[in-house]
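A.B. asks: Here the structure of chain A is known, so what remains is to put chain B in place on it, guided by the hints.
Residue numbers (full-length UniProt numbering), protein chains in the order written: chain A, 1 to 347; chain B, 1 to 347.
No wet-lab data here; the hints were simulated from the structure.
Do not take every clue at face value.
[Stated by the list, open to error] Simulated pairs of lysine to aspartate or glutamate, DMTMM-like, Cα-Cα distance not exceeding 25 Å:
#1 K172/B x D298/B
#2 K249/A x D298/B
#3 K61/B x E50/B
#4 K258/B x D339/B
#5 K248/A x D49/B
#6 K64/A x E53/A
#7 K61/A x D307/A
#8 K277/B x E175/A
#9 K248/A x D298/B
#10 K277/A x D298/A
#11 K249/B x E300/A
#12 K61/A x E246/B
#13 K277/B x D307/A
#14 K277/A x E300/B
#15 K61/B x E246/A
#16 K258/B x D298/A
#17 K277/A x D298/B
#18 K258/A x D298/B
#19 K248/B x D307/A
#20 K249/A x E300/B
#21 K249/B x D307/A
#22 K277/B x E300/A
#23 K258/B x E300/A
#24 K258/A x E300/B
#25 K19/A x E246/B
#26 K258/B x E320/B
#27 K19/B x E246/A
#28 K248/B x E50/A
#29 K248/B x E300/A
Predicted model only: the values in this text are computed from it and were never measured.
Protein chains: 2
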Amino acid sequence: MKQPPLIIDCHGHFTTAPKALENWRNQQIASIKDPSQTPKVADLKISDDELREAIETNQLKLMKERGSDLTIFSPRASFMAHHIGDFQVSSTWAAICNELVYRVTQLFPQHFIGAAMLPQSPGVDPKTCIPELEKCVKQYGQVGINLNPDPSGGHWNSPPLTDRHWYPIYEKMVEYDIPAMIHVSTSCNACFHTTGAHYINADTTAIMQLIQGDLFKDFPTLRFVIPHGGGAAPYHWGRYRGLAQEMKKPLLSEHLLKNIFFDTCVYHQPGIDLLTKVIPVDNILFASEMIGAVRGIDPESGHYYDDTKRYVQATPNLNEEQRFKVYEGNARRVFPRLDAALKQQGR
Amino acid sequence: MKQPPLIIDCHGHFTTAPKALENWRNQQIASIKDPSQTPKVADLKISDDELREAIETNQLKLMKERGSDLTIFSPRASFMAHHIGDFQVSSTWAAICNELVYRVTQLFPQHFIGAAMLPQSPGVDPKTCIPELEKCVKQYGQVGINLNPDPSGGHWNSPPLTDRHWYPIYEKMVEYDIPAMIHVSTSCNACFHTTGAHYINADTTAIMQLIQGDLFKDFPTLRFVIPHGGGAAPYHWGRYRGLAQEMKKPLLSEHLLKNIFFDTCVYHQPGIDLLTKVIPVDNILFASEMIGAVRGIDPESGHYYDDTKRYVQATPNLNEEQRFKVYEGNARRVFPRLDAALKQQGR
Numbered sequence: 001m002k003q004p005p006l007i008i009d010c011h012g013h014f015t016t017a018p019k020a021l022e023n024w025r026n027q028q029i030a031s032i033k034d035p036s037q038t039p040k041v042a043d044l045k046i047s048d049d050e051l052r053e054a055i056e057t058n059q060l061k062l063m064k065e066r067g068s069d070l071t072i073f074s075p076r077a078s079f080m081a082h083h084i085g086d087f088q089v090s091s092t093w094a095a096i097c098n099e100l101v102y103r104v105t106q107l108f109p110q111h112f113i114g115a116a117m118l119p120q121s122p123g124v125d126p127k128t129c130i131p132e133l134e135k136c137v138k139q140y141g142q143v144g145i146n147l148n149p150d151p152s153g154g155h156w157n158s159p160p161l162t163d164r165h166w167y168p169i170y171e172k173m174v175e176y177d178i179p180a181m182i183h184v185s186t187s188c189n190a191c192f193h194t195t196g197a198h199y200i201n202a203d204t205t206a207i208m209q210l211i212q213g214d215l216f217k218d219f220p221t222l223r224f225v226i227p228h229g230g231g232a233a234p235y236h237w238g239r240y241r242g243l244a245q246e247m248k249k250p251l252l253s254e255h256l257l258k259n260i261f262f263d264t265c266v267y268h269q270p271g272i273d274l275l276t277k278v279i280p281v282d283n284i285l286f287a288s289e290m291i292g293a294v295r296g297i298d299p300e301s302g303h304y305y306d307d308t309k310r311y312v313q314a315t316p317n318l319n320e321e322q323r324f325k326v327y328e329g330n331a332r333r334v335f336p337r338l339d340a341a342l343k344q345q346g347r
Numbered sequence: 001m002k003q004p005p006l007i008i009d010c011h012g013h014f015t016t017a018p019k020a021l022e023n024w025r026n027q028q029i030a031s032i033k034d035p036s037q038t039p040k041v042a043d044l045k046i047s048d049d050e051l052r053e054a055i056e057t058n059q060l061k062l063m064k065e066r067g068s069d070l071t072i073f074s075p076r077a078s079f080m081a082h083h084i085g086d087f088q089v090s091s092t093w094a095a096i097c098n099e100l101v102y103r104v105t106q107l108f109p110q111h112f113i114g115a116a117m118l119p120q121s122p123g124v125d126p127k128t129c130i131p132e133l134e135k136c137v138k139q140y141g142q143v144g145i146n147l148n149p150d151p152s153g154g155h156w157n158s159p160p161l162t163d164r165h166w167y168p169i170y171e172k173m174v175e176y177d178i179p180a181m182i183h184v185s186t187s188c189n190a191c192f193h194t195t196g197a198h199y200i201n202a203d204t205t206a207i208m209q210l211i212q213g214d215l216f217k218d219f220p221t222l223r224f225v226i227p228h229g230g231g232a233a234p235y236h237w238g239r240y241r242g243l244a245q246e247m248k249k250p251l252l253s254e255h256l257l258k259n260i261f262f263d264t265c266v267y268h269q270p271g272i273d274l275l276t277k278v279i280p281v282d283n284i285l286f287a288s289e290m291i292g293a294v295r296g297i298d299p300e301s302g303h304y305y306d307d308t309k310r311y312v313q314a315t316p317n318l319n320e321e322q323r324f325k326v327y328e329g330n331a332r333r334v335f336p337r338l339d340a341a342l343k344q345q346g347r
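This is chain A alone, in the form it adopts within the complex (with noise of 0.2 Å):
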């Protein structure tokens, strides 16, 4: 009999961490004005306990009750906030939390293995970030990284991510064969809300960035994992393959879809169905974002709106081997430490 796939969710954030966590942070925050205020991180104090219950009542009773195995697990994106502070606040602040998630997984080492975020800081060189990552990396056994294109929070005042700007942390990333998912945090441009309008932008502002660039002309190895179903970009296919077109780019399937992928954090079956249509089924991991942005549950449906499972089980455009490849197999191609971790564990 042929197994049945291993449920990879490749796009978790600790998003339920123990209150002391935000308490901490905010005394971080006040310190910014008064430095007298600056809290160590001694203060943060956690038990395993906490950890464990923080899990075990949320993502981890969720994943049971949706049937989903292993999920990469990631800091809170809205908490990353690199817009606040400088390098050094961004610094002990990814510290910690990329702590608090690699404890997360040696508890919990079935269910869930670590992303790193970076210490990213506006107007701040993203080589600075390099030694976070490679704790994170060697130290942590993480898998991936997630690299905010807009660390200001809103206003997009960094280079495009095709410019050299960014390199240093690719070449990190071909380096050490980690993909990125490119994930912004809180909005704090009153135009955009977070997870409504500046999340959904900024997937579809990097897709177009990739489109105009060539960046993988000079890195033909690395990869990025496009969350929210990639934005707009695969409603609007038509228009960013016309785009490419007139550019004079190569097909996006040369261009962009050797090195790019798409998750499926898409609430709703329509969506799913698109993004199974349009884009070629090697580039799609499965993916919920669970708990996240949306948590509620659908009355349209009776589910929740993120429990993307689901969407994915009734599309009729995946056979069961194209499945396999959405719930497992890219996932494996694409984060390779992923895999090995997994064929550690015998899976």
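C.D. replies: Structure of chain B alone, referenced to chain A:
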């Protein structure tokens, strides 16, 4: 026998104006640094014959080939460039562009009816746009406006569309019973490609702003057309329904869909199929934005990407009665001054 529908394209810009227009604009831009260069409005000379040729060999030719009857025509969106210069610069430029569109509508009254650009300028009170708006409606017979939610061109430093900042425009729209298409212009932010990122992001952003606010409580009859198929919103409609639900807003059918409408500028069949599946047919208006951002021929279909009528014809989600709404009925309802003008023509 039942009359075939009038095919009304609600989204066309004068992208093919004679070169003299661009030359004049370039001189105006040069004069911002050197006022001695300031061109006179009278310096711009474009004859009726030149206008006729610009239209007959471009938009009108394609309209006839594709079988569309009438275009709601406005100045070139990417040339509005409200971020350039001050209010005086925008004011002179808007007047020129709107008059040129007016002349086209006088030359081809069966095929073009006007919509106005506004002389917006970053940081300037939108009420300064009222005189130009009034002239376009009263003297030029224009039936709608294009409202730029980001006159900065990609820096997004105006308040959200739900802010009282914009109310003077809305009051005038209600008084005249005209809708606005929410349409940004050229991006001067290197992160945002104009037609591939900024346009689509603006559509998504506008919809999320309208979800967050309660604008239509203050203006129950205000109507917005969200171009480019609503940006990312229909693809992520579950996300938007879920976010509205968490914000304790009414269902989107109540909260948005009495007041916002989506055009069909989505350049492939799966996109139009999704749009017509997810968004109620009463909220969809036919449009192509021809000749616009994507001018090539899709190698997958052998037809122009922006020949959106083919997708509307081919989608299994619409019957003939529903297609009539998309092509004609909804446009007459959303643009009552268009309906009145057509009736005057006996159409």
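A.B. asks: Against this structure, judge whether each hint is valid.
C.D. replies: We went through each hint and held it up to the structure:
no.	hint	verdict
1	K172/B x D298/B	violated, 41 Å
2	K249/A x D298/B	holds, 14 Å
3	K61/B x E50/B	holds, 15 Å
4	K258/B x D339/B	holds, 19 Å
5	K248/A x D49/B	violated, 34 Å
6	K64/A x E53/A	holds, 15 Å
7	K61/A x D307/A	holds, 13 Å
8	K277/B x E175/A	violated, 45 Å
9	K248/A x D298/B	holds, 13 Å
10	K277/A x D298/A	holds, 23 Å
11	K249/B x E300/A	holds, 16 Å
12	K61/A x E246/B	holds, 21 Å
13	K277/B x D307/A	holds, 21 Å
14	K277/A x E300/B	holds, 14 Å
15	K61/B x E246/A	holds, 21 Å
16	K258/B x D298/A	holds, 21 Å
17	K277/A x D298/B	holds, 17 Å
18	K258/A x D298/B	holds, 21 Å
19	K248/B x D307/A	holds, 21 Å
20	K249/A x E300/B	holds, 16 Å
21	K249/B x D307/A	holds, 22 Å
22	K277/B x E300/A	holds, 14 Å
23	K258/B x E300/A	holds, 20 Å
24	K258/A x E300/B	holds, 20 Å
25	K19/A x E246/B	holds, 21 Å
26	K258/B x E320/B	holds, 23 Å
27	K19/B x E246/A	holds, 21 Å
28	K248/B x E50/A	violated, 31 Å
29	K248/B x E300/A	holds, 16 Å
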